[in-house]
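Could you slot chain B onto chain A? The hints should help.
Respectively, the protein sequence lines represent chains A and B. Our numbering puts the first residue of the first sequence at -4, with every later residue one more than the last. Our numbering puts the first residue of the second sequence at 5, with every later residue one more than the last.
Take these hints with a grain of salt, some might be off.
[Unchecked claim] Which residues of chain B face chain A? A partial, calculated answer using Cβ under 8 Å: (1) Ala118; (2) Ser197; (3) Met198.
Honestly, the hints are just simulated from the structure, not real lab data. The beta carbon of each residue, even a glycine, is placed where N, CA and C say it ideally should be.
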Amino acid sequence: MSAPAPTAPPQRTGAAAAPTRVLRFRDVAKTFPDGTVALEGVDLDVHRGDFVTVVGPSGCGKSTLLRIASGLSPASAGLSEVDAQRIGYVFQDATLLPWRSVRKNVELLAELHGMSKTATAQAALDAIELVGLRGHEKKLPRALSGGMRMRASLARSLTLDPDLFLFDEPFGALDEITRERLNDELIRLFHAKGFGALFITHSVSEAVYLSTRVLVMSGRPGHIVDTFEVPFGADRTPELRFTPEFAALAGKVSHALREGHS
Amino acid sequence: MSAPADARPAVEEAAVSAPTTTLAAEQAATPGAPPVAARRRGRRLTDLLLPLGVFAALLGSWYAITYLVLDERRRFILPAPHTILTDALFDQPTMDKLLPALWRTVQVTFTGLAIAIVIGMVWAIAMSQARSVERALFPYAVALQCIPILALVPLIAFWFGYGFNSRVIVCVMISLFPIVSNTLFGMQSVDRSMHELFDLHSASRLTKLRKLQLPAAMPAIFAGFRISAGLSVVGAIVGDLFFKQGQAGLGILLSNYSSRLQGPELFLTIFVAAGLGFAVFAVFGWLGKVAVGRWYDQSRDAG
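Only chain A is shown next, with the shape it has when bound in the complex (with noise of 0.2 Å):
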């Protein structure tokens, strides 16, 4: 698949030893057919080994900036400049195809994208093993939980084996239990793989447990206001969200989400 880059063609560069840039943002902005400003000024950059997460409240822009990261809608100024070979996206909810079985559904991109029938049941088997869903191959999508299905979702995306992967507030309607479990897989698959990635929550914690760099917006128009560089390394587990450096920095992202709202 060709890089949707709607308003730049992709190109590569940066010297050798840097992490490849996978998503470039330069003073991105939005305005709506309606006049709504969604979006001004938006700088950002992802490489390859980058988590960065965009906290902010409902409303402020944060789904507009992925979708515009991602392709689907264009920005109205600026440059949005993807250089990723593939890239994954995950939604708000797993949009699994209710018909086929999980297997099927993890098999979908990998068919999209034409790659030959031992090759996508290969990706798909080992995208089913690394998210945890072995034995459930044959399983429709409403016989699992909210996040078995989020599971396949993301095993969904992983068959691409993606250089970029967006994520829009995808364990938003998942119970906390189930959402924290998530986090994890997903910090291990993000180790595992060393993708770049775009994270869109409203959760200030599972902002700054997922990343490497959370990013603060506020909206109308939506704009970021602070970056956080987070200092925690691969080795993070549950109880990270317990010591006192976790949440200083916590307590840092949430006052300057306050500030940015007033």
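Quick look at chain B alone, frame taken from chain A:
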């Protein structure tokens, strides 16, 4: 991938299934409560007995009207149920007329329905592909539904004669609309995020149609088929009833028996027509269940 991560989904599963097992264990342990299987059998028995009771009551009132209300000379209006069997069903000359008529009506019904399905689906698929096509063609689907087809029957006879073709045309016109509207509705009910998923991976229009829209529309399409199946029988009989000539189907028999005051024969023909309608409906209900029942709960639709 680490080992503990492997174990996690299993925990998630166990958490889901645990309450059910304890519940079953509790039920087995309680001596007073009737076992689930026996209760289910009991319910099935009531499901059978209640309609049978209603049937007996209806039959009783029928006999009461025939023998207590109607004057002997006027009993042909509502002949006693058993005379329908003795004078019509077990009457060879009647059956010699009825069975070929039924066969001709069946042919018209299925030919008409098949044509309606093809035209209706192509029509709806065309409309689902572009707003402009929908705007151009949907008013005609509505017009088809609004025009009293009976008013067109003389014109159809005028143009196409009184034969098989005219009967099929009437049948197609009557049964077309539910297929068009249900197919279109089904194709348009696909979530936007599903469309976006396919768009993100540059799926072609045809791929989207084949892998997303048509499968998603199947429950609605089969609901349309079930409605149209019933209508196609109506269409076949109405055409026949009106043309009153050509190869006699059930409609012509109905018309003949009523004009000749042949009560039992008339009632038997009505029952046969009803049976045909029910059978066609049931066949499509079953087909729908086979096609989408695995993933779609049909009891959610009204049809």
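Interface hint for Ala118/B, Cβ within 8 Å of any Cβ on chain A: Hint violated; Ala118/B Cβ to chain A Cβ min 25 Å, cut 8 Å.
Have a go at the Ser197/B hint: is there a Cβ in chain A nearer than 8 Å to its own Cβ? holds (5 Å)
Chain A contact restraint on Met198/B - CB to CB distance below 8 Å: For Met198/B, the interface hint holds, since the closest Cβ of chain A sits about 6 Å away, which is under 8 Å.
The structure shown violates just one earlier hint, number 1.
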